[in-house]
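Enquirer: These are the residues of each chain, in order.
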Amino acid sequence: MKKMEIRIAGFGGQGVVLLGNIMGKAASIYNKRFAALTQSYGPESRGGSCRAELIISESPIEYPYIIDPGIQVILSQEAYIEFGGKASKDTLLIVDSGLVKVDNSPAAQLLSIPASRMAQEMGRPVVANIIMLGFLAAHSNIISREALERSIKDFIPAGTESFNMKAFEMGYHYSLLGDRPA
Amino acid sequence: MPKVLMDGNSAIGEAAIRAGCQCYFGYPITPQNELIEYMATHLSRRKGCVFVQAESELAAINMVYGASVVGARAMTSSSSPGISLKQEGISYLAACELPAVIVNMSRGGPGLGSIAAAQSDYFQATRGGGHGDYRTIVLAPSSVQELADLTIRAFDLADKYKIPVIILGDGVLGQMMEPVEFKQEAPAVLPVREGSLRGAKGRPSKIIKTFTSNPAELEEINWSLFRRYGLIKKQETTFETFMIDDAKLVVVAFGIAARIAKGAIRNVRAEGLKVGLLRPITLWPFPDEAVKEVVKNVNHFLVFEMNMGQMLEDVQLSLEGKGEVSFYGRPGGVIPTPSEVSRVISRLYYQKGLK
Numbered sequence: 001m002k003k004m005e006i007r008i009a010g011f012g013g014q015g016v017v018l019l020g021n022i023m024g025k026a027a028s029i030y031n032k033r034f035a036a037l038t039q040s041y042g043p044e045s046r047g048g049s050c051r052a053e054l055i056i057s058e059s060p061i062e063y064p065y066i067i068d069p070g071i072q073v074i075l076s077q078e079a080y081i082e083f084g085g086k087a088s089k090d091t092l093l094i095v096d097s098g099l100v101k102v103d104n105s106p107a108a109q110l111l112s113i114p115a116s117r118m119a120q121e122m123g124r125p126v127v128a129n130i131i132m133l134g135f136l137a138a139h140s141n142i143i144s145r146e147a148l149e150r151s152i153k154d155f156i157p158a159g160t161e162s163f164n165m166k167a168f169e170m171g172y173h174y175s176l177l178g179d180r181p182a
Numbered sequence: 001m002p003k004v005l006m007d008g009n010s011a012i013g014e015a016a017i018r019a020g021c022q023c024y025f026g027y028p029i030t031p032q033n034e035l036i037e038y039m040a041t042h043l044s045r046r047k048g049c050v051f052v053q054a055e056s057e058l059a060a061i062n063m064v065y066g067a068s069v070v071g072a073r074a075m076t077s078s079s080s081p082g083i084s085l086k087q088e089g090i091s092y093l094a095a096c097e098l099p100a101v102i103v104n105m106s107r108g109g110p111g112l113g114s115i116a117a118a119q120s121d122y123f124q125a126t127r128g129g130g131h132g133d134y135r136t137i138v139l140a141p142s143s144v145q146e147l148a149d150l151t152i153r154a155f156d157l158a159d160k161y162k163i164p165v166i167i168l169g170d171g172v173l174g175q176m177m178e179p180v181e182f183k184q185e186a187p188a189v190l191p192v193r194e195g196s197l198r199g200a201k202g203r204p205s206k207i208i209k210t211f212t213s214n215p216a217e218l219e220e221i222n223w224s225l226f227r228r229y230g231l232i233k234k235q236e237t238t239f240e241t242f243m244i245d246d247a248k249l250v251v252v253a254f255g256i257a258a259r260i261a262k263g264a265i266r267n268v269r270a271e272g273l274k275v276g277l278l279r280p281i282t283l284w285p286f287p288d289e290a291v292k293e294v295v296k297n298v299n300h301f302l303v304f305e306m307n308m309g310q311m312l313e314d315v316q317l318s319l320e321g322k323g324e325v326s327f328y329g330r331p332g333g334v335i336p337t338p339s340e341v342s343r344v345i346s347r348l349y350y351q352k353g354l355k
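Keeping their order, the protein sequence lines are chains B and R. Position 112 (the first sequence) corresponds to 112 in this note's numbering; numbering is contiguous. Position 101 (the second sequence) corresponds to 101 in this note's numbering; numbering is contiguous.
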């Protein structure tokens, strides 16, 4: 992998920017790649549209914005309408099937996981993003699993390690159960 | 210290603390709020340091003035409309020969403009900005690492030349996150500038003020300021060149635009076009000697800015009529992509018959 662009899009309160931070730190600090992370959100702290965009590269990154993301993590219908339909053929599109109803997407690969429902069933709705991250980690080899786990621990509050790691594990193993069509 | 992943605004805050910044005064505005937030969390907890969220931009810059008078390293930050409000204070700081660091994470204008990144404050920053005959040193970083490094340099320059120093960034640099390394630790003892007002015990009292009713005296103050500006120009002008050795066309760009230009240059180099980049790091003093050096071998220049053509005038002045200068600009907060700039470069390259 020389360069990978990743978009995570959803709404405020889902931990979109936190996911960007975790992945950015894992890639740049622990995997020692070049990385640039940009964010965009509306004036609301919750509920407004929100996205984090990350570039990971083997060489210095000049233009800090993504142009053609190789991976898109879509966490809301609004984000799916805005970005999902425009995804190019090579894009890996990962959606939360509890939140996004997909139509005919041109993306070569469409993967889904009911991350928010799984988190709710766990009794910890806040870890939906970490479940999603585990799922993403299992389906791509851009950032090492060890780096991601270390980075998660850097960002989460003390005392929440066990259920966050469990959430990561759930997402990771969900993919091994077989990819189901959306 | 190992590398950390940080947004540009926070990196400035951390670098300022490590430069021995004792006082920060600010008033919130997007896209520099992470800096105020960082100082509220980190500077306020340090022994002997002061963080104040002022009631306005005017109050903040005048608090900087006060802190500088008593010899503390002081900083304020804002974005374009807020920097306009600070101009009176910056003029007073310049008149009194007081060091200060002022960060402008500029955004689209004129007026309240937009919150997207733009470079339309070049004139304001490099021509003094407020009333009167004065200049400020203007540093233009183009990465989060450089934001940190230039913040430390800004404090050193401000003290060395007793002059306000502007760090001219933009909304992209302020808010994007990149790995950054801080190369120095915060000083154990906060620096106090020599000759600052710390009480007049044992000596006649001194007054630091900007007004004099004697024009001849004021003329001499102006002369002395400009003698120092001449020295700064000689000693502190900095710039970067990129792929310039065999170039037939040189792009001149600063800050975030220079990064976009680098990407564009890599694209057109892959097609065999000989294009290089000159990136001023100090916008004032402008690296006019570097431009004069480039035009000895290169006849064609493309100035690329995220405004309607401001640095363009400095490039033209430096060239003194030599060479051919073209311009490409996107104002208002629109951020062009490297492929867009590549198209502009290759069109120009073929039009001028360079291939």
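Think of the hints as simulated: they come from the structure by calculation, not from any bench. Model, not experiment: these values are computed from the prediction. Positions of the beta carbon are idealized from the N, C-alpha and C atoms, including for glycine. It is possible that some hints are incorrect.
[Claimed, not checked] Covered stretches of chain R (in silico footprint by chain B; criterion: 3 or more residues with CB under 8 Å from a CB of chain B, positions within the stretch not fixed): (1) 176-189; (2) 255-263; (3) 335-342.
Enquirer: With reference to the structure, classify each hint as holding or not holding.
Expert: Against the structure, the hints:
1. 176-189: holds (count 4)
2. 255-263: Three-residue rule met by the stretch 255-263 of chain R, so holds; n is 5.
3. 335-342: holds (count 4)
Comparing the model with each earlier hint shows no violations; every hint is respected.
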